[in-house]
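The sequence shown begins at 26 in my numbering and counts up one residue at a time.
Fair warning: there could be bad hints in the mix.
Each pair of labels, with its calculated beta carbon distance range [as the list claims (entries may be wrong)]: (1) TRP79 - GLU42: 17 to 23 angstroms; (2) GLY62 - ALA27: 28 to 34 angstroms; (3) ARG28 - GLY62: 26 to 32 angstroms; (4) ALA27 - ARG72: 28 to 34 angstroms; (5) VAL65 - ALA27: 17 to 23 angstroms; (6) VAL67 - ALA27: 26 to 32 angstroms; (7) ARG28 - GLU68: 27 to 33 angstroms.
Restricting the straight-line Cα-Cα distance to at most 25 angstroms, the calculated cross-link-like pairs of lysine to any residue (SDA-like) are [claimed, not checked]: (8) LYS45 - GLY33; (9) LYS45 - TYR77; (10) LYS45 - PHE55; (11) LYS45 - LEU64; (12) LYS45 - LEU32; (13) LYS45 - MET26.
Bear in mind the hints are in silico, worked out from the structure with no lab data behind them. Bear in mind that the values here come from a model prediction, so they are computed numbers and not experimental data. Glycine included, C-beta positions come from ideal geometry on N, C-alpha and C.
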Amino acid sequence: MARVRRLGMEVHRDYGEPGKVLDTLSQHGFSVRMADGDLVQVERPDRCDFIYAWR
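Put together the whole structure using the sequences plus the hints.
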(Lines of atoms letter the chains of each structure in order from A and count residues from 1; the text may use other names and numbers.)
(Lines give C-alpha, C1' and ligand atoms only; values in the text may rest on other atoms or scores of the structure.)
Protein backbone atom coordinates (compact mmCIF):
# COMPACT_ATOMS: atom_id res chain seq x y z
CA MET A 1 0.00 0.00 0.00
CA ALA A 2 2.96 2.34 0.51
CA ARG A 3 3.36 2.85 -3.25
CA VAL A 4 -0.33 3.47 -3.95
CA ARG A 5 -1.32 7.15 -4.11
CA ARG A 6 -4.83 6.95 -5.62
CA LEU A 7 -7.39 4.27 -6.22
CA GLY A 8 -10.98 3.78 -7.22
CA MET A 9 -13.06 0.68 -6.80
CA GLU A 10 -16.52 -0.66 -7.43
CA VAL A 11 -18.16 -2.06 -4.30
CA HIS A 12 -20.44 -5.11 -4.25
CA ARG A 13 -22.19 -4.88 -0.88
CA ASP A 14 -23.70 -8.36 -1.29
CA TYR A 15 -20.20 -9.85 -1.06
CA GLY A 16 -18.51 -7.78 1.64
CA GLU A 17 -18.59 -4.82 3.96
CA PRO A 18 -17.54 -1.45 2.51
CA GLY A 19 -17.00 -0.13 6.04
CA LYS A 20 -14.10 -2.55 6.51
CA VAL A 21 -12.51 -1.40 3.26
CA LEU A 22 -12.91 2.24 4.32
CA ASP A 23 -11.35 1.52 7.72
CA THR A 24 -8.37 -0.22 6.14
CA LEU A 25 -7.79 2.62 3.68
CA SER A 26 -8.02 5.21 6.47
CA GLN A 27 -5.56 3.24 8.61
CA HIS A 28 -3.09 3.42 5.72
CA GLY A 29 -3.37 7.21 5.48
CA PHE A 30 -5.92 7.56 2.68
CA SER A 31 -8.69 10.12 2.46
CA VAL A 32 -11.85 8.54 1.08
CA ARG A 33 -15.06 9.45 -0.70
CA MET A 34 -18.01 7.22 -1.54
CA ALA A 35 -20.54 7.44 -4.37
CA ASP A 36 -23.71 5.61 -5.32
CA GLY A 37 -24.47 4.01 -8.68
CA ASP A 38 -25.29 7.42 -10.17
CA LEU A 39 -21.91 8.73 -8.95
CA VAL A 40 -23.60 10.99 -6.39
CA GLN A 41 -21.53 11.38 -3.24
CA VAL A 42 -22.92 9.49 -0.24
CA GLU A 43 -21.91 9.51 3.42
CA ARG A 44 -23.05 6.04 4.51
CA PRO A 45 -21.04 2.92 3.56
CA ASP A 46 -24.23 0.88 3.26
CA ARG A 47 -25.26 3.10 0.33
CA CYS A 48 -22.01 3.23 -1.61
CA ASP A 49 -21.29 1.54 -4.91
CA PHE A 50 -17.90 3.17 -5.49
CA ILE A 51 -15.00 4.10 -3.23
CA TYR A 52 -12.34 6.65 -4.19
CA ALA A 53 -9.22 7.07 -2.07
CA TRP A 54 -6.12 9.27 -2.25
CA ARG A 55 -3.23 10.59 -0.17
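| query | For the pair supplied as a hint, LYS45 and GLY33, is the alpha-carbon distance within the 25 angstroms limit? | reply | holds, 15 angstroms
| task | Measure nothing beyond the straight line between the CA atoms of LYS45 and TYR77; if it is 25 angstroms or shorter, mark the hint as holding. | result | Holds, because 14 angstroms separates the two Cα atoms, which is no more than 25 angstroms.
| message | Quick check: does the Cβ-Cβ distance between VAL67 and ALA27 fall within 26 to 32 angstroms? | response | holds, 29 angstroms
| Satisfaction of hint between LEU64 and LYS45, Cα-Cα up to 25 angstroms | Status holds; Cα separation ~21 angstroms.
| message | Verify the CB-CB distance for ARG28 and GLY62 against the hinted window 26 to 32 angstroms. | response | holds, 30 angstroms
| Regarding the pair LYS45 and MET26, is the alpha-carbon distance no greater than 25 angstroms? | holds, 16 angstroms
| Outcome of range test on Cβ distance (ALA27, ARG72; 28 to 34 angstroms) | holds, 30 angstroms
| query | Cβ-Cβ distance between GLY62 and ALA27: within 28 to 34 angstroms? | reply | With Cβ atoms ~31 angstroms apart, the hint holds.
| Whether the CB-CB distance between TRP79 and GLU42 falls inside 17 to 23 angstroms | holds, 21 angstroms
| request: For the pair we were handed, LYS45 and LEU32, check the Cα-Cα distance against 25 angstroms. | output: Within the cut-off at roughly 16 angstroms; holds.
| query | Honestly, do VAL65 and ALA27 meet the 17 to 23 angstroms range at C-beta? | reply | violated, 32 angstroms
| query | Does the Cβ-Cβ separation between ARG28 and GLU68 fall within 27 to 33 angstroms? | reply | holds, 29 angstroms
Checked against the numbered hints given earlier, this structure breaks only hint 5.
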